[in-house]
Amino acid sequence: MHSLFGNAAAVATGVFAAMRAKGRDTRVVAQAGDGGTVDIGLGPLSGMFERNDDVLFICYDNEAYMNTGVQRSGATPPAARTATTQAVGEHPGNVFGQGKDLPRIAMAHEIPYVATATVADLRDLEAKVEKAMAIRGARYIHVLVPCPLGWGSASKDTILLARLAQQSGLFPVFEAEFGEVTAVLPIRRRVPVTEYLQPQKRYAHLFGQTPDTETIERIQAQADRNLSRYHIDEVEI
Amino acid sequence: MFQTRFHGRGGQGVVTAAELLSVAAFRAGRHAQAFPSFGSERTGAPVVSYCRIDDRPIRSREPVVVPDALIIQDTTLLQQTDVFAGLADDGYIVINSTRDVPELGIGEMLAGRDPARVITVPATRIAMQHLGRPLPNLVLLGAFAALTGLVGLVDVQAAAGERFQGAVLEGNCAAARQAYDVVKAHVGEGVGDAMAAVSAGAPVFDRKDADA
Amino acid sequence: MRKQIEGSAAVAQAVALARPEVICAYPISPQTHIVEALSAIVKSGDLQPCEFVNVESEFAAMSVAIGASAAGARAYTATASQGLLFMVEAVYNASGLGLPIVMTVANRAIGAPINIWNDHSDSMSQRDSGWIQLYAEDNQEAVDLHIQAFKLAETVSLPVMVCMDGFILTHAVEEVEMPDQATVDAFLPAFEPRQVLDPAEPVSIGAMVGPEAFMEVRYLAHRRQMEALEVIPAIAAEYGAVTGRVRDGLISRYRLDDAEIVVVALGSVIGTLQDTVDALREQGVLVGVLGITSFRPFPLESVRDALAGARSVVVLEKALAVGIGGIVANNVRTAVAGLAIDVRTVIAGLGGRPILGESLAEMIRGVDDLDELTFLDLRTELVERELQRNRATRRSGPTAENLLRDVGAVGDPLSVRMPR
Ligand SMILES: Cc1ncc(C[n+]2csc(CCOP(=O)(O)OP(=O)(O)O)c2C)c(N)n1
Ligand SMILES: [Mg+2]
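Chains as they are written, first to last, in our numbering: chain A, 1 to 237; chain B, 238 to 449; chain C, 450 to 869.
Think of the hints as simulated: they come from the structure by calculation, not from any bench.
Be a bit skeptical, because a hint or two may be false.
What the hints assert, rightly or not - Label pairs and their in silico Cβ distance ranges: (1) A:160 x C:849: 37 to 43 Å; (2) C:831 x B:404: 51 to 57 Å; (3) A:154 x B:348: 41 to 47 Å; (4) C:545 x B:389: 54 to 60 Å; (5) A:214 x C:668: 57 to 63 Å; (6) A:1 x C:537: 20 to 26 Å; (7) B:238 x A:29: 52 to 58 Å.
Claimed, not checked - Pairs of lysine-lysine residues, derived as DSBU-like cross-links and limited to a Cα-Cα distance of at most 35 Å, are as follows: (8) A:156 x C:492; (9) C:452 x B:421; (10) C:492 x A:201; (11) A:131 x A:22; (12) A:156 x A:100; (13) A:156 x A:201; (14) C:492 x A:100; (15) A:100 x A:201; (16) A:131 x A:100; (17) C:452 x C:492; (18) A:201 x C:452.
Just so it is clear, CB atoms sit at the ideal spot from N, CA and C, and this is done for glycine as well.
Bound conformation, chain A alone (with noise of 0.2 Å):
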């Protein structure tokens, strides 16, 4: 069912209490954007985690308000352009160290499960959502998923973005369990940053006549920074 924009994973409580009472054995499932998921409805899922409901909730990323027409939202990462963060002025783009880390917020729930995933690895995903099925207690996945629309980027190359994300270290794909982090995918390939921002138009201006270094490199600086926090190696297959 669909209720409201920021209420899914209270709904599913809702869900997951009445399955209860009526002595069903019902699993629920909640979902919803990253808008829905880490600003509006960011309230209603912190107290699912903390009452550790059953429930599992899967958050679909793509880093913007899209159904409105490409708004910024806590998780649009710094320096997009995006409907309500041009690229005009000083700082163009969306401003550093806004972005809602959800994973790491549901983490500091010592939920009993928490895994990031992308469309680019969709065994990988299902993996996880049948790990997460096996579970009992409030669960949370954040998949990555490109928008064509909202980045500017061309439709063939979804998954080929969604890639580059993991593969730049921009966007660390792992599981934790009770707060701890117990399982990273490696990368294969590590690519810089700028291959991942160059063929998105929501980063054009990073990429003008001459290109705005310190940005990309600050930018470089959080992939990197990832990669040491989630000890993510480097692998040759």
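Use these hints to put chains B and C with the ligands onto chain A, whose structure you have.
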């Protein structure tokens, strides 16, 4: 009041087309009102938009029920939705297609209509020629200007100037001119009577030129 | 300057002309184009000083506006529909505190069923929130009302909602005369708050008030809205003097002088009604239109005067008070109490159902046969099918889904256009 309905698919700029026509009409010293069909414009889904033009201020907010003209951006819509719904008996039709009207397989739907008021324009192709991008809006409006005489080519180009600049503007203006000139050559000066002089079903565009 | 411009862009420019210092917004259709345009204006540095805050919900949007206004800044936000409902607690708080915030409501239906199209359910739900509510008939008026709204709000220390029909106005490109900055600057002085958070002169704002004085605080809010009944026309006159666009401010009258039948309405449908009235008058029907610009405060006297000569009044409403019928109609009945006038309610245009001139003409011609409550262009065959299902089986399923299955498509532009 002259009412135009635009048909296209989400992502083709149907709303922009209606807005540009309204700006052209405004530039021509008329009153105009453009508005979308207010749907959620999913990429690829059929979308309509409207433009009203009048010499008096426009007050009505009802959707255009009986259009005087249709501008159809995509021939795949001809079979899918009832694009001709409500069209006035003497209404104009501009279709974006590289084919001539008789080849479109819509003879039945056009039965009883003055063939001089139904034209196809290879607008996407002309746009590709001048812009290198499939932006047919201003080409269609150039043709519309010539066919109806409601706005001038300069007005269409001025409208383009409010939205584009540099090479894109120049390309759009040139593309609109090409469509305008070709259609104008067929309808001649003055709209109403001269229109009738166009021989029935004769191709307006030289397809080979357009293909170039 | 006269421009052919989208309503949202025009309103954004008008708001910028009023030099707000804090703008906060959360996107929701059909309000988005307004705040996107303002974001661009602020981000490009064209409006200074001004902070544009991208918040995480409408509750935060109104709350940021509350904080900003209490700190003495001119504050603006915009919303619609679900967004307005999500901020309701803060909406009441803003008016209760007497903070002169200006907010655009791009009118849209309220779900469920979720619907992005226009009607007045959202702002009507807040009619008793203590905010002043102004309704724009066209984009020119939307622009003019926004500039006046800041002055009005700050004069009476109450927040003002400027309501404009979503999509029908916000997304319509039409001509608008934009006032210039010098005119607006001369018209609208800097915000001089009655109360302000200032460490130099400490006050508390937001005290708990018990039975000893709560009634009085509320009464004073009502008093201020009653004062606004005089302030609104005065500001409209002043604005008219500098722009040449003279409006009454409280109501708009169209061919009322000899009208036997009067249709009362709010917002953009008034344009369609005026065309309909002209056509009917040519056939000898003595009909006129009364537009209500200020719904809160409700101009009882002006409405009574305007309707005094009428035999029949039809209140055309884009909202439904489920369980009773008309909302505006109840207010109109209060205005004409004691006069021998039939007041009928016609609910129209819910969830974006187009209001056709033809339907309006039919409604007016048949005014004497109208029921007290009528639903214009209701698709009775759809209603009947669902009622039949309800009778046939206990588990008939969700109503919205059932009806969608019957009609085939959601929001098909052509089928939506032509309900008959
Ligand atoms: C209370 C409320 N505010 C605003 C909206 C408007 N709205 C609908 S969808 C949406 C954005 C959705 O973004 P996200 O959750 O990231 O999903 P996406 O569209 O990107 O998949 C917004 C702002 C709403 N429906 N309800
Ligand atoms: Mg999103």
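Each hint, compared with the structure:
no., hint, in the structure
1, A:160 x C:849: 37 to 43 Å, "holds (39 Å)"
2, C:831 x B:404: 51 to 57 Å, "holds (52 Å)"
3, A:154 x B:348: 41 to 47 Å, "holds (43 Å)"
4, C:545 x B:389: 54 to 60 Å, "holds (57 Å)"
5, A:214 x C:668: 57 to 63 Å, "holds (59 Å)"
6, A:1 x C:537: 20 to 26 Å, "holds (23 Å)"
7, B:238 x A:29: 52 to 58 Å, "holds (53 Å)"
8, A:156 x C:492, "holds (32 Å)"
9, C:452 x B:421, "holds (29 Å)"
10, C:492 x A:201, "holds (19 Å)"
11, A:131 x A:22, "holds (26 Å)"
12, A:156 x A:100, "holds (28 Å)"
13, A:156 x A:201, "holds (15 Å)"
14, C:492 x A:100, "holds (22 Å)"
15, A:100 x A:201, "holds (22 Å)"
16, A:131 x A:100, "holds (25 Å)"
17, C:452 x C:492, "holds (23 Å)"
18, A:201 x C:452, "holds (31 Å)"
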